[in-house]
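Start from chain A and add chain B according to the hints.
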Amino acid sequence: MPDDVREFARQAREFLDANATRAEQAEFRWGQGEDTVAYFNADPPDVKDVKLHAAKDWQRTRYENGFGWISGPPEYGGQGLTPVHELIYNSIEAEYDVPDTGTLSVIGLGMIGPTILAHGQQAIKDHYLPALYRGDIIACQLFSEPGAGSDLAGLQTRAVPDGGEWVLEGQKVWTSIARQSQIGMALCRTDVNAPKHKGITAFLVDMSAPGVDVRPLRQMTGGSDFNEVFLTGVRVPDDHRLGEVNAGWRVALTTLMNERATVGGERGGTVAEALAPERLAALMRATGTLDDGALRRDLSVLLADLLAAGHLNRRAVRAMRAGVTPGPERSVAKLVHAQNLTRAAHFVSEVLGPRIIADTGEWGTYAWAELLLATPALRILGGTEEVMKNILAERVLKLPKEPGIDNTSPFRELPRSGKAAS
Amino acid sequence: MNDGREELDDLREAVREFLADKSPETAVRVAMETGHDPAVWDQMARQLRLPGLALPADYGGDGFGLTELEVVLEEMGAALLCSPFFGTAVLAAQALLAANDKAACERYLPGIAAGDTIATLAVAESSGSWEPAGIATRAERAKGEGPGWALTGKKSFVIDGSIADLVLVVAQTPAGPALFAVDGGAPGLRAEPMTALDPTRPLAALALDGVPGELIGVEGEGGRMLSQVLDVACVALAAEQAGGARRCLEMSAEYARTRFQFGRAIGTFQAIKHKCADMLARVELAEAAAREAARLADEAAAEFPVAAATAYICSSRAYMFAAAENIQVHGGIGFTWEHPAHLYFRRAKSSELLFGGPAVYHERLLARLGI
Numbered sequence: 224m225p226d227d228v229r230e231f232a233r234q235a236r237e238f239l240d241a242n243a244t245r246a247e248q249a250e251f252r253w254g255q256g257e258d259t260v261a262y263f264n265a266d267p268p269d270v271k272d273v274k275l276h277a278a279k280d281w282q283r284t285r286y287e288n289g290f291g292w293i294s295g296p297p298e299y300g301g302q303g304l305t306p307v308h309e310l311i312y313n314s315i316e317a318e319y320d321v322p323d324t325g326t327l328s329v330i331g332l333g334m335i336g337p338t339i340l341a342h343g344q345q346a347i348k349d350h351y352l353p354a355l356y357r358g359d360i361i362a363c364q365l366f367s368e369p370g371a372g373s374d375l376a377g378l379q380t381r382a383v384p385d386g387g388e389w390v391l392e393g394q395k396v397w398t399s400i401a402r403q404s405q406i407g408m409a410l411c412r413t414d415v416n417a418p419k420h421k422g423i424t425a426f427l428v429d430m431s432a433p434g435v436d437v438r439p440l441r442q443m444t445g446g447s448d449f450n451e452v453f454l455t456g457v458r459v460p461d462d463h464r465l466g467e468v469n470a471g472w473r474v475a476l477t478t479l480m481n482e483r484a485t486v487g488g489e490r491g492g493t494v495a496e497a498l499a500p501e502r503l504a505a506l507m508r509a510t511g512t513l514d515d516g517a518l519r520r521d522l523s524v525l526l527a528d529l530l531a532a533g534h535l536n537r538r539a540v541r542a543m544r545a546g547v548t549p550g551p552e553r554s555v556a557k558l559v560h561a562q563n564l565t566r567a568a569h570f571v572s573e574v575l576g577p578r579i580i581a582d583t584g585e586w587g588t589y590a591w592a593e594l595l596l597a598t599p600a601l602r603i604l605g606g607t608e609e610v611m612k613n614i615l616a617e618r619v620l621k622l623p624k625e626p627g628i629d630n631t632s633p634f635r636e637l638p639r640s641g642k643a644a645s
Numbered sequence: 224m225n226d227g228r229e230e231l232d233d234l235r236e237a238v239r240e241f242l243a244d245k246s247p248e249t250a251v252r253v254a255m256e257t258g259h260d261p262a263v264w265d266q267m268a269r270q271l272r273l274p275g276l277a278l279p280a281d282y283g284g285d286g287f288g289l290t291e292l293e294v295v296l297e298e299m300g301a302a303l304l305c306s307p308f309f310g311t312a313v314l315a316a317q318a319l320l321a322a323n324d325k326a327a328c329e330r331y332l333p334g335i336a337a338g339d340t341i342a343t344l345a346v347a348e349s350s351g352s353w354e355p356a357g358i359a360t361r362a363e364r365a366k367g368e369g370p371g372w373a374l375t376g377k378k379s380f381v382i383d384g385s386i387a388d389l390v391l392v393v394a395q396t397p398a399g400p401a402l403f404a405v406d407g408g409a410p411g412l413r414a415e416p417m418t419a420l421d422p423t424r425p426l427a428a429l430a431l432d433g434v435p436g437e438l439i440g441v442e443g444e445g446g447r448m449l450s451q452v453l454d455v456a457c458v459a460l461a462a463e464q465a466g467g468a469r470r471c472l473e474m475s476a477e478y479a480r481t482r483f484q485f486g487r488a489i490g491t492f493q494a495i496k497h498k499c500a501d502m503l504a505r506v507e508l509a510e511a512a513a514r515e516a517a518r519l520a521d522e523a524a525a526e527f528p529v530a531a532a533t534a535y536i537c538s539s540r541a542y543m544f545a546a547a548e549n550i551q552v553h554g555g556i557g558f559t560w561e562h563p564a565h566l567y568f569r570r571a572k573s574s575e576l577l578f579g580g581p582a583v584y585h586e587r588l589l590a591r592l593g594i
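Quick note, the sequences are listed as chains A and B, same order.
Following the working numbering, the numbering of the first sequence begins with 224 at its first residue and continues without gaps.
Following the working numbering, the numbering of the second sequence begins with 224 at its first residue and continues without gaps.
By construction, these hints were calculated from the structure, which means they are not laboratory data.
C-beta atoms are modelled at their ideal positions from N, C-alpha and C, and glycine is treated no differently.
Mixed in with the good hints there might be a few duds.
Said to hold, decoys possible - Stretches of chain A that chain B covers, calculated by requiring three or more beta carbons in the stretch to come under 8 Å of a beta carbon on chain B:
#1 310-317
#2 535-541
#3 608-622
Unchecked claim - Computed Cβ-Cβ distance ranges for the label pairs, DEER-style:
#4 548/A <-> 524/B: 55 to 63 Å
#5 231/B <-> 258/A: 22 to 30 Å
#6 581/A <-> 350/B: 44 to 52 Å
Said to hold, decoys possible - Rough simulated footprint, nothing fancy, chain A against chain B, three-plus residues with beta-carbon under 8 Å:
#7 421-433
#8 463-471
#9 524-536
#10 584-592
Bound conformation, chain A alone:
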């Protein structure tokens, strides 16, 4: 570790010691403590609000002490240090009990902040970047549409110029944290005569502007972690445009590349805890299945994959610390994570038997239903399994792309669901 990094780590510890308490590793006992196993946030709304406030407060505290945007440029409130410093800070902070700031950081700070920095106009950078990293505002991502899922570049929300402003019209879907966000990054079609990747423009939308209508979407777990966002005549000033007109696909790639650095990592929390070897063994002991040969084999297969996925992530983090930029092979982690959690949920179902089809009230049993019902989403969100595999095959293994008409024909001529080619 170079001297400056060592000194940085010392300062980080000093800050955390003064502002947070060290996390205590409570010893696990069957039947004691929290038994939630939730991939999605299963908190009731009032608890969510309390946690959101705590998250914003903690981000402000970080920011005011120089740990809010470690790798950001000083002119926008960053510290001008490297991603390595950021990794070091994160690993030190993980030893402390601090509010989970995922609502702010995963999308806003992790993906949209870097996009504004790379493509935003001066006034936008000056205004929004410090506000984002200080925890004053939250940003969401207005990308997916009912007609543009895997094929994001097929999006149809229109943006039409009108007297120095743009008028947005369309519908976005699967928007996380739309209700908590003050700004959203929207991809819109600005030229239907160009091929689909070449007629898109990116904008920053004020989520409180007239015509922005956020409606919670209820997902199959029963909870509401996503939204539909209807944009009806929403006016956006031209200085809120990110990148050049019709160059929005490049802007979107910046956003998605930063996603790669965040999605697929070990997601801590209740799921990771519940999948610890001793927890799974305790579950089998409690259900009297620990000696079942077939289940033991399944357990071992599952644990080997979970442990290996942990090794894969650990090695990626270590490589990043050594200055190696993660490549597209990082998508493997996302693929494997989804497969592992899916296999885990079904394995546990088999261990629990009927106790997961109806709640007996027994600790640590029906609680797994929340994860079980979340697993189909893991193979879809952040890029479907099929699209991730195409990316791995084409970018890592250099297999040729499928021949198609949709990258060269004008967008308006492309066949769409419910509208065959004319």
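Chain B alone, transformed into the frame defined by chain A:
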């Protein structure tokens, strides 16, 4: 990805170049018929100093760790190198080290490090089990004066058992299993090559009829020694497997880019793309597990035994999967004797079962986790 450690990349490059030159497919096919090429073994020892790479400097080695050895083994697995390296530099050398017998290490390890001694470890018998309980071969104190023992029994699946100068035999004593050194040319020792599914790794059956043996370490300590050796051997084998799996993936990707059907490269079809992506995912996991286990061994981390079992499970699955899918991607040509795909399939299956197979190694992982 080697944590950005460039010296590991240099080592990998040197071994890869050497093997591209000395162990192309034509050489592998010759060695399958006539055994390993002693000239290549000699060069590996004298030019690259590979047998002694991970042995302590006190015993003539270069004192590197499992991290470096892992890199070498990945490349050997990728090239299907036919060599007594695994039996000698991994199994036998690790058995000597794990037996905690300084005199024996001083006697045998320098010869191994220098490439002068071809050695192996004989544990399994007709059942193929590497568990100490499955060992029936007996060692009795030799009649008359002296510290010698006489070994009687049958060993099977002994890697390079027909050519080894030094055979380390695990046999039962009144105090429990123990390790013995037996000279490859000792009277009463008969080695018969077994017909092997994987002809790139020769296996032999040994008949011992009162063969003179020298006790290494302590009587009754053979079980502990074996457990320690197996942890390291599992990582070493996992490295070979990960390397072999990676090569299968490379062969598939190359073929998918260049084979045309229906007027297009078959790699444009998602059915083929997804197959290759699935292989990639397993290969990446296997490599990470093998490399991480090696790193943990070198740090003497408490989690090493768990990581070793994990690495072997993941690499076994990755290799078998990649070797089978590689044939599928190639179609008919992949099923021919002339195509190398079957050699990888054979190596994959043989490696998966060498130490007893999934039924054993899955329970080993659970045991290492205390479950």
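Subject >> Enumerated hints in conflict with the structure, sorted upward >> reply: Of the numbered hints, 1, 4, 5, 7, 8 do not hold.
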